Amino acid sequence: MRRNLIEKLLLIFVVGLFASGCTNTNEELANALAERMRMESGRLTATGYADIEAQQGTPSQKRILAIRASKIDAYRALSEQIYGLYINGSTTVGDLVVQSDTINSRVEGIIYGAEIESIKPISDTAYEVTLSLPQRVANDLKKLYLQSID
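Take 1 as the starting number for the sequence shown in the numbering used here and just add one per residue.
In case anyone wonders, no lab produced these hints; they're calculated from the structure. Be careful, since some hints might not be right.
[Unchecked claim] Here are the computed lysine-lysine pairs in the BS3-like style, where the Cα-Cα straight-line distance is at most 27 Å:
id, residue 1, residue 2
1, K62, K120
2, K120, K71
3, K143, K71
Note that this is a predicted model, so its numbers are computed, not measured.
Required output: the full structure, derived from the provided sequences and hints.
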């Protein structure tokens with residue numbers, strides 16, 4: 001569901017960019033995108049994961065660091081829902097054969113007002129953190145972002 005939402009938001013964003021010459025202001029575009037992001041629950045949610053054994057330190061330090069890493073991963077997932085992803089791809093062909101094919105992605109954004117819904121171990125080796133963000137805050141963040149790219 002989250003992937004489907006992200007795909008729809010990216011499509012709307014791209015269409016909005018092409019249609020922005022037809023709109024009176026970026027405010028209209030921002031409002032349209034914010035309206036499209038509305039969810040029935042009134043909140044965006046995102047879940048992050050982290051491996052305990054990949055962390056360094058004592059067993060208790062590893063658990064604490066895994067919780068922190070999974071929280072950061074959840075913030076990244078929220079940012080993807082609000083701001084989308086920057087995708088960069090590169091393919092190198094030599095002698096009509098693909099030598100390398102790489103795709104990089106990154107997300108940038110500011111998140112405030114997120115609340116921790118749950119922190120739980122999902123096995124003996126991993127933690128899961130779920131965050132939620134009020135829809136009105138997500139809409140405000142989207143509007144501020146779109147106004148900043150004027």
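Taking the hints in turn, this is what the structure says about them:
1. K62 / K120: 14 Å, holds
2. K120 / K71: 11 Å, holds
3. K143 / K71: Cα-Cα ~25 Å, so holds.
No hint from the list above goes unmet by this structure.
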